[in-house]
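2 protein chains.
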Amino acid sequence: MKKFELAFIFLITMGPLSTAAVTEDTLLSQARDIFSPIPATPPSMLGVTHAAEKLELGKMLYFEPRLSASHLISCNTCHNVGLAGADLQETSVGHSWKKGPRNAPTVLNAVFNSSQFWDGRAKNLTEQAKGPIQAAVEMNNKPEKVIETVQSMPDYVNRFAAAYPESANPVTFDNIAETIALFESQLITPDAPFDRFLKGDGKALTDAERSGLALFMDSNCVSCHNGMNLGGKAFFRFGVQVKPAAELLADDTGRFKVTGKEGDKFVFRVPTLRNIGLTAPYFHSGKTWNLADATRIMAKSQLDLDLTPPEVQHLESFLLTLTGKQPEVIHPLLPASTPKTPRPEL
Amino acid sequence: MKKFELAFIFLITMGPLSTAAVTEDTLLSQARDIFSPIPATPPSMLGVTHAAEKLELGKMLYFEPRLSASHLISCNTCHNVGLAGADLQETSVGHSWKKGPRNAPTVLNAVFNSSQFWDGRAKNLTEQAKGPIQAAVEMNNKPEKVIETVQSMPDYVNRFAAAYPESANPVTFDNIAETIALFESQLITPDAPFDRFLKGDGKALTDAERSGLALFMDSNCVSCHNGMNLGGKAFFRFGVQVKPAAELLADDTGRFKVTGKEGDKFVFRVPTLRNIGLTAPYFHSGKTWNLADATRIMAKSQLDLDLTPPEVQHLESFLLTLTGKQPEVIHPLLPASTPKTPRPEL
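Chain order of the listed sequences is Z and B.
If you read the first sequence in numbering that gives the first Met the number 0, its first letter stands for residue 0, the second for the next number, and so on.
If you read the second sequence in numbering that gives the first Met the number 0, its first letter stands for residue 0, the second for the next number, and so on.
Any given hint could turn out to be false.
Unchecked claim - Here are some of the chain Z residues that sit facing chain B, going by a computed Cβ distance under 10 Å: (1) Pro64; (2) His70; (3) Gly81; (4) Val92; (5) Ser95; (6) Arg101; (7) Val110; (8) Lys242; (9) Leu277; (10) Asn289; (11) Thr322; (12) Pro334; (13) Pro338; (14) Pro343.
Unchecked claim - Residues of chain B clear of chain Z, computed beta-carbon distances all greater than 10 Å: (15) Leu26; (16) His49; (17) His70; (18) Asp86; (19) Gln133; (20) Val221; (21) Asp263; (22) Gln325.
Source of the hints: derived by calculation from the structure; they are not laboratory data.
Where is the CB? At the ideal position from N, CA and C, for every residue including glycine.
Whenever a hint applies, use it, and build me the whole structure from the sequences.
Written out as structure tokens, the structure reads:
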């Protein structure tokens, strides 16, 4: 029996569907065309040799403050697994208490982004991991010193040998970044109410949340915020329609700094909206602390829409359904420094 | 049958004991008179009401950077559970990248100390916890703002209500400190090789380690470093016999600052030697990075002993047997800030 015949029989048997049911069904199928749920389990490690060894090593290095010149700052400092993979700052604070230029994007679900950093200058997490370690306003270190540091601790040397047995010299900056990236790839947040909705759980969203979702799709927020991460892929100018005010930092020209193309001025990679309820403050500038404000600003700057208060409320309700199950991380135990370990430089 | 009769029969039956066996037995009984093992399980919560709620809350607050004015520094920053409960600095670095006056003592097994801080100015962990939160060179916060911060997040408010159901106003600075202290009280490191030796495992220590232990006792290191924590109780001048040089900071008069007594100048609380192999650099000044150097300096300054290289080696071997099983901590998930949460102040 073909599908449409089955549907026809169903209609005859059950009588006309209620408007609500039709609407709900339409909302779901519309949403499924645009979004997809975060998978229940992290990306497979099937193609990765010695995956368990690399993952544990990556976790250790993610929490390792000795990757920074000061021995005070680790990946987890700005991408805190207890704070939805971000920090609590407008823009991150690093070496010497220097304020960096941009707000820390969450590490959670970052593996599903097409590129990394606000300007998309890293094509993947491995490339990304090398950036902050060397940035003067972040960890302020040098690859040679990072290698010397890791190499100075027998526990790390042994773990690298076990993770890369085919390599005669496994403690490399590339391998350090790769193991960190592998650990990060496992930091996903499945099972948000919105994911359960996408998977067919009709009770996953409240009426207000459904209204917010409908508005989110109908107002074209989804031109940028679509896919599994509701963002993380395309690049758009902040101010497609109306140039925002304080939220845009005058000296941060975004992707223009990467490509040098005039058209890329104030263009940024669309951020994910996953766990947005946990990651204030917002925007690359971190100038907006409130999700309702951020929603209003986006609607105006990108779509030239003046949202009514109930619209803002519904959109915010929907955005809060994007908070998923946060990853559980057992804090790693890091090896003791040795006389060969470079001393912290403040 | 009385004990000595049994021993007598044993001697007759087995013939004279070998010298080695006698020595070993003597070493163990001598050690048992001076030391005791870290218990297998943390201090009981039997007398504590709603212990589970308080412990989880304490863990969250221990990792909570919003207890600091900057929202960048938590208890775990300087007492990192992945770094044997300490940091990697000579003296800790806090708010505004300011260098504090003293080296961070480990939080591990701190519950077994008679007092807290290098000068013993806090009588317990609860009192201790209040210090760094307010210190200008550490978290630089004020109790009122800490309370306002915690109170701004419904998840914390609910957790305090569940942990202190008898209280109408449970979010207090005292309760914040108490829950942190309760969490810290569970951070113990049992099952070090030395603990297994004390419990009667004859194979727990190597010959070199046993020689080190014998020397440690016979040279009178144990005048200060005794008990369960091999320290953490008594107060002694750094330089009982010979004033040390660079290791003593001229302007840090230690316990004199607390008591104002002339005799307390340069007096410090004896630090624990538990996990000493993991917590370089050493002394309140953090000026000594190497355990062998620290051992030599201590022997000279406190006992006027000039150790030979083999003696240093044996002592170091023994000290490394004090590394116990580190606590496993699942990183807590912290609630999102709300519009009522005070913003970070850098």
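We went through each hint and held it up to the structure:
1. Pro64: Where the cut-off is 10 Å and the nearest Cβ of chain B is about 7 Å from Pro64 (chain Z), the hint holds.
2. His70: holds, 4 Å
3. Gly81: holds, 5 Å
4. Val92: Nearest chain B Cβ about 6 Å off; hint holds.
5. Ser95: With a closest approach of 5 Å, the Ser95 (chain Z) hint holds.
6. Arg101: Since chain B brings no Cβ nearer than about 16 Å to Arg101 (chain Z), farther than 10 Å, the hint is violated.
7. Val110: violated, 19 Å
8. Lys242: Violated. Min distance 26 Å.
9. Leu277: holds, 5 Å
10. Asn289: Holds, about 6 Å.
11. Thr322: With a minimum Cβ separation of about 9 Å from chain B (threshold 10 Å), the hint on Thr322 (chain Z) holds.
12. Pro334: holds, 8 Å
13. Pro338: holds, 6 Å
14. Pro343: Holds - the Cβ of Pro343 (chain Z) comes within 10 Å of chain B, reaching about 6 Å at its closest.
15. Leu26: Check passes; 27 Å lies beyond 10 Å.
16. His49: Fine: 22 Å to the nearest Cβ keeps His49 (chain B) off the interface.
17. His70: About 4 Å separates His70 (chain B) from the closest Cβ of chain Z, which leaves it inside 10 Å; violated.
18. Asp86: violated, 8 Å
19. Gln133: holds, 19 Å
20. Val221: holds, 24 Å
21. Asp263: holds, 31 Å
22. Gln325: violated, 5 Å
Checked against the numbered hints listed earlier, the structure breaks hints 6, 7, 8, 17, 18, 22; every other hint is satisfied.
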